[in-house]
Each structure stands twice: as structure tokens, then as C-alpha cells.
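Residues per chain are reported as follows:
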Amino acid sequence: MKPRDFSPDAFAALEATVMSRRSFLTTSGALIVGFNTQQRAGTQGVAPGFNGPGNNRLDAWIAINADGSVTAYTGKCELGHGLFTAQTQLVAEELCVPFNRVKLIQCDTSMTPDQGTTSGAQSHPTNFNEANLALAGATAREALLQQASVRLDAPVDQLSVKDGVVSLKSDASRKVTYAELIGGKTFGIALNRTAKRRHPREWTVLGKPVPRIEIPAMATGTFEYVHNVRVPGMLHGQVVRPPVVGATVVNVDESSVQGSPGVVKVVIKKNFVAVVAEKPWQALQAANKLKVTWTPGTTLPPQATFHDWLRNNKSTRDAFTVNSKDVDSRIGSAAKVFKATYLYPYQMHGSIGSSCAVADVQSGKATLWSATQAVYPMKNAVASVLGIPAENVRVMYRMGSGCYGINGADTVSYDAAILSQAVGKPVRVQLTRKDEMAWENYGVAFTIDQRAGVDADGTITTWDCETWSPTLGGRPGGNNPGNVVTGFLAGFAPAPFAARSPAPDPTSYGNGSNAVPSYVTGCVGNQCGGTGKIASQRVLTHTVPSPFWTGPLRSPARLQNTFAHESFMDEIAAAIKQDPVAYRLKHLNDPRLIDVVKAAAKAANWETRPSPRQGLRRTGIESGRGISCVLYEGDNGYCSMVAEVDVNQDSGVITVKRLVVANDCGPVSNPDGLRNQLEGGALHGVSRALLEEVTWDSQKITSFDWKTYRPLALGANVPKIETVLVDRPDAEAMGAGETAVTVVAAAIGNAVFDATGIRLRQVPFTPERFKAG
Amino acid sequence: MAVLNLKVNGRTHSVDVDSATPLLYVLSDDLALRGPKFGCGLGQCGSCTVILGGQAVRSCQTPVSSAVGSEITTLEGLGTIEKPHPIQKAFIDEQAMQCGFCVNGVILTAKSLLDRNPKASDAQIQQAMSGVLCRCHAHVRMLSAIRKYAQGVKA
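Order-wise, the sequence lines are chains A and B. Using our numbering, count along the first sequence one by one with no gaps and you end on 773. Using our numbering, count along the second sequence one by one with no gaps and you end on 1155.
No lab work stands behind these hints, which were simulated from the structure alone. Among these hints, one or two may not hold up.
[Claimed, not checked] Within a straight-line C-alpha distance of at most 25 Å, the following computed PhoX-like cross-link-like pairs (lysine-lysine) qualify:
hint : chain 1 : residue 1 : chain 2 : residue 2
1    : A       : Lys-434   : A       : Lys-365
2    : B       : Lys-1083  : A       : Lys-103
3    : B       : Lys-1089  : A       : Lys-208
4    : B       : Lys-1148  : A       : Lys-720
5    : A       : Lys-700   : A       : Lys-434
6    : A       : Lys-720   : B       : Lys-1089
Just so we're clear, the structure is a prediction, and the values are computed from it rather than from any experiment.
So here's chain A without its partners, still in its complex pose (with noise of 0.2 Å):
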């Protein structure tokens, strides 16, 4: 992504607050005072993007204070994955300066650069490639060179910098130091879009396990959490949801907490119901209290026949991501024809805590403490909701409890905002647990087909896969607050729905959403950005009304495809007898998924033969192992995993044993980092694939506590799970927190089929689905 300029909403935010950005760096040491509105000039209408318009200012970005040491602003926020420490390491690695001596101020956006929402994978290839604050740290350790080189008088390359001292390579006692050239003021200068970053062969700090900033004070219980912000004066609220999906208010009998303890108001508006009182127990009491009358709500689509529901949908918003329009000949003239359908259940982030914020609005102006992901497009989304001008709401992001997506961060925020606008004082919202899990936006449903044609030698002709996934709101982004609950219930309707079919042909590549499998060529036009080498293939996708708010949860649609398109492969090599690792490599293209097959399969000492093995049994344990890979988002880090499973056929309880990730995301910036993600998203895998799935009757969500939503228990069968991480120093960066978790259901499922001949087509694997298998 290359730099551009404000949009009108950094704009606005810094006109508004570049006051409290001055004083802040006053205090912290550094004297800004760079800031002229004509470096703006001519940036209107550009809206607030996926990954924001960053900022082309190096001033925006980093700070040498009078001490030498370093300030440095980000607009990519620690969620939890390690972001805020490679940040961290990033700068010092630029600079040249000890990672002890950078202070990173991250999402403000008062004070740091617009870079939109922080997802998607997509803040290692934002932040630490040739733009942004890679770019910024490059810059401004150039420029800081050419100061030096006038000061000591000596040609830039013959120079050397080290712990923010330049010197003479030849003469050490010739130097300079930061703080001396420059300490305290400001560069002045635009981000140098030639400056070359450091090579990852001369790294040291990055390409290091740095421990994580954050952990000792969360291992101690002084970690401030957006939970914990307390703010002088703060009320505390609790909403009332609706008791069924689509139930509108008929009356709130405001007497019935008349007299409750320390209430203090009672807001609604439109559907939107709370209670605002002194403490949040007494909130929460009063918010069971109050007398709402509702009206019954809508008829629900039936859990057991919904993904015929999906599939018979008319109304539906059809696309093609490819279509060589060979698909149907070819299957006509193929040796054999394979088909199935796999079926993916609506999932939720689940986040352990459930979600908080708190917000102070008064005299027409907001100050959010937000665990948002949106922080910058909040700004937009508040103004809505709050009937206000964006340039008078602040967002600033404190951290929650892991979020994995879009949980209850942003609807919680427009809680606390809509509330304290009505009190005129700050109020703190904290979700309780089912108001979190009934309300959030899922991760999605899907039903999938899949026809393929292989010719006489066993090679694969033709791919065709066919989806449907339901959608309902999602990221508000800026502009659409009724895309979450909240929003919703106030009064905002969520994004439309746009029905469209048939589905027009591609124009353009692109496997955002995995829906394009990786053995295919990936063609359109003349462009082939696939990673197989299959030509004959179509992708025809449907997204279709949700009853349920749905939104990005951890590989969005990209794990929903892959378990889809890696159970496939896995059958077909299964059913011409051939290895299910060297099938998949006969018919790959790509050198580096190539090489993370490869590179898994040889550390989990994968033994060559196909699937099923030899001398099954239909009782007792059986143990197999699977394979499955994925480029994530078609350009955004590679991914392949071996599972071994133990499956106990008398009561169809699955175990997984042993995970095997080979992952390439290109420089790795912090291999231990890397590794706890990639632990992580592959046992978040396991949990997915084994145990989650979101329930409902007729009428509402029936999962709306632990036990009614279960995921994989500290306690539970944890397999032993090994990393191997192909380093690729010359490539670009690539995004890691998701490639892991896109891989495991469907190499478990496969396992499964090679310990038992079963195969699994619906997630999750419950043993129910196993025995009836």
C-alpha cells in the first residue's frame, strides 16, 4: 500500500485536536509544532479505507525527543497477536536505535495517523513493507544520515549508525548523536518514498523473539484493559436487548425501577433500551427490572434444514471469481466425475470478556475508550449515532479482551455513547455474557458443492464449486452504524442488501475470500493469479439475507472455503488411491505453497500412501493423520498443516494429537510472536472444528453462555502442536494471524477419513456426525 494524504476525516480529527496531540508530545518530550494545514491541502473526498490513508508527513509518524529517545505513532492496534512489540521492534530496527528507547502511542485519533481498521492480516503487510511507518522509520533514519553527513562533514556512506550515534566508519570519535541533530524539533519533510529499509539480513532487533511489551504487567494484574478505565464522575450502564430476534418495542414502564438503587436514568430510544445507574451492579439490576414490553419478533429459518433454506434462497447476490466457461464440457467429457457438499455452521467470537467501553460526551463533543479495530471510521459511525460532528468525537483505543473479528467492541461503543449523551456525564457499558453472544455479528454459514473432473491418469480436468453464505451488517465502517445491534436498535438500518443474478462475469482476479481453490490457475482474462494448475474452472458464489447479524470472525469465508476445497482434494486423491501430499503437489503451481506442503509433510515425518490406511477396523481407536494448505487471501501468507487425530469409533470422540504448521509469511519480524499466533490459530482450529457452533430455535439464539456455546477447555485433550517457520527475508511481508486457523478443519477431517474411511463434510465434528458418518 502506498502512502497518500489525509481523508477528510484524519482531516478533520487533526484540525480538532492538534492541540491535545501538542501538549501530549510537550509533556512526553518532544516539541511538535509541525502541523500546517496546507500539507493537507487537496485531500478532500477520499474516504476512510480498509487500511486508512495512513500519512504522508514523516511528523505523523515518529519524533526524536530532546533525551534521543524515540516517539513513534501507529495506527495498527495490539489486539492481543504481538502487533504493538514488532511495531516496536520496526522502529528501533529503522533507526537504528535500542528497542528499549522507542515509546509507541498506538490509535488515537487525535494523535495518530488514519490507518482504518486493524484486520484482515493486514497490518504486517500495511506497516512493515516500503510504505507507512517501515517507510517513516527509513526516512527518517536517511534523513537523519544527511544531517550527519553535514555536521561531520563526511560523505553519507561513510558513515555508520548504531544505538542512535552516527559516526566515521573510519574515526569513531567523530559522531553525532540523534538527540544532538535533531532532538526535540521536528523533521519538516515528506516520507521519502525511495528510502530504503534495512535489509532483513542486516536486522537486529527485528528477526528477534523480543518478549512481548504487555505481558508482564498482564501476568501481574496492572495491564490497563478498556475494562479497566475509569474516568472521574463515570455512571455505569446496562442495555436491554431484545428477548427474540426482530421484537420491537411496545412500551418501557419506566416506574417499574422507580426507587431501584443509584438508578439514574432510563434511555431508549427507538428500540434501543438501557438503564443508567451509580454502579454497574446496580445497572445490571435495574436493567432486569425494567418492564419492556416487546412485540413477538420474527419466525426464524429452522436450525436442522438451514442450509437448505440457504440454498433454496431466492433471494440471493450472485458473483463469479472464475469461470472459463469450460466447466460443464469438461465434466461432460471427463473419466471420472467427483462430487460433494460440506457444511459449515455459524460460529462467534466468543471473546472471554465480554465486551466494554466508555464514552464522554457532553457540550456536543465525544471521547470514546474504545476496543474497536475501527477506531478511525468510528469517529464517523459515533458522529452518526450521535447526531454530531465527526470532528468532534474522539476515539481512543484501549484493548479488550481478545476480539478475533468484529465481536461486541463497536456496538458496545455506540452503548456507552448514546447513553452518556443522554446522562451528560461518562458512562462506562459493559455487556453481559448473553447480550454479547445472542447480538454479535457471527462468523458465517456456508454450503458448498463441489464437482470436479479427472481424466484417465488420475490428474484433475475441471473444478466447479458452487457457495451460499447468508450476510447481515458486518464492519460499520463509517458510514453504516446499523451494521451491529446497537446502531440497529437506535434506529440505523444496516448496509442493503444488493440481490443480484445472474452473477456478471469477472473482470479481474482476486481470492480474498478463498473461494477459489489453490490447484486451480486462477485465470481471468489474461491475468492468472491462481496457484494450481487446473484451467477449466468456475467459482459461482451466493450471498444471501441473514436471520443473524454476521460479520468477520477469524478467516472470514477463508476457512469456510478451505475446509471445503482441501476435504475435496483430499477425497479425490483418496478415491484414485494416490497420496493425498504428492496428489496435491501434481497439481500445484506455486513454489512457495509447494514449499510449505512440503516443508510441513517432512517435519511431521509424513508417511507416503493413500488415504484411508490399509487394515481398517470399525471399532475401537484408530489413528490417521491429514493434510491441508491454503495462500491465504490469494496473496497473503502461506500455510500448511499435518494433524494426527485419534478417533474412538464406539463413541466418535475425535483427538487431536499432534499439529504440524509450516508457515511462510515472508521476513519473519519476531519468530516467537509468529509461533504463539500460529499455536494459537491452529488450536482456535481445533475448537472450531470439533465443538463450536451457534444454535437457535424458532424464535431466538439459544447459545448465549458457556455452556450453551462450548469451546475447547483449558482442561480439554490438547495436542502437542510444532511450528516450523519458513523465513523468506527477500519477499514482502505478509499477514500470520490467520493462515493457521484457515488449515485445521479440514486437515482433521481428513485424518479422520484416513484412521476411519469416514468422511466428515459438516463442521463441527461432533461424534453424533461421526457415528452417523
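Add chain B to chain A, keeping to what the hints say.
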């Protein structure tokens, strides 16, 4: 409302609260402690765990009145960043968390078990942790940190 005296991390605090209030609310709101956390409010996840009279309890399910007279230890009562308790140090050394929200319940539940039974087997540790959730699924590192601490306790 009632004035109650609570002994938390070696200090006595006087609080004026509804005596039915769960202990968690008093610790995190009235005393502004950051260790115990509201995860579910149902006693199902472990995030709110504190050590009360030597036992790990779910403070979201414990009325504050029942905690009067007992020593309450929270995560911040074990050690500090400068001088972490050995079990905290094990979690730091193993980098055994991601978002860290659940780690309060993980550490205190494991510590409570190992204090009572320093020779707890892997199966017993597994049993004790069966009601504790981590949604980042940092299980492998957490179990490794617990084992590391257990070895130190045994030694």
C-alpha cells in the same frame, strides 16, 4: 447498603455496598483492582477468579458479604512487574498469553491447586483447568508455564 471490611492483598478496605453485590464488582469497581475480570458473570469461564481463604473462587458468584473476615488475594497481590511471583514469572518467561484477559483465572486456579497439592499430576492439573477458558487458545504455552511452576514448587 452496608459498611463491610475486606482484607485484600494484605490491606483492609472499608466499603459501603449492597451486601448481595458479587465480590467481583466490589474489587473491580469500588477498589479499582485490575486482576479479577468480568468474563461471563456466571461462574463459567474463570476470569474473575480470586483466592479467598486459600481457595480459588469465582468472585462473580461470591456475595461480598461472604468474603468478610477472609484473606482475599488477587493477581496483583501475588507479585509485581519488578518482582513477579514464580508462577507469574513462569507465564512471562513462556510468553504464555495473547490478549491476557483470561490469565488471571488461569494463574490463580493453577496456583491454588499446586499450593494444595504440589505433586499434582498432569491429569490433576488438566482436571483443575477444565472450567477455565482461553479464547486466544494459548493453552499449550499456559500448560507449559503451569508445569514449569509445578516443577519449581516440587523442588
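Practice problem: Of all the hints given earlier, name the ones this structure violates by number, lowest first. | Solution: 1
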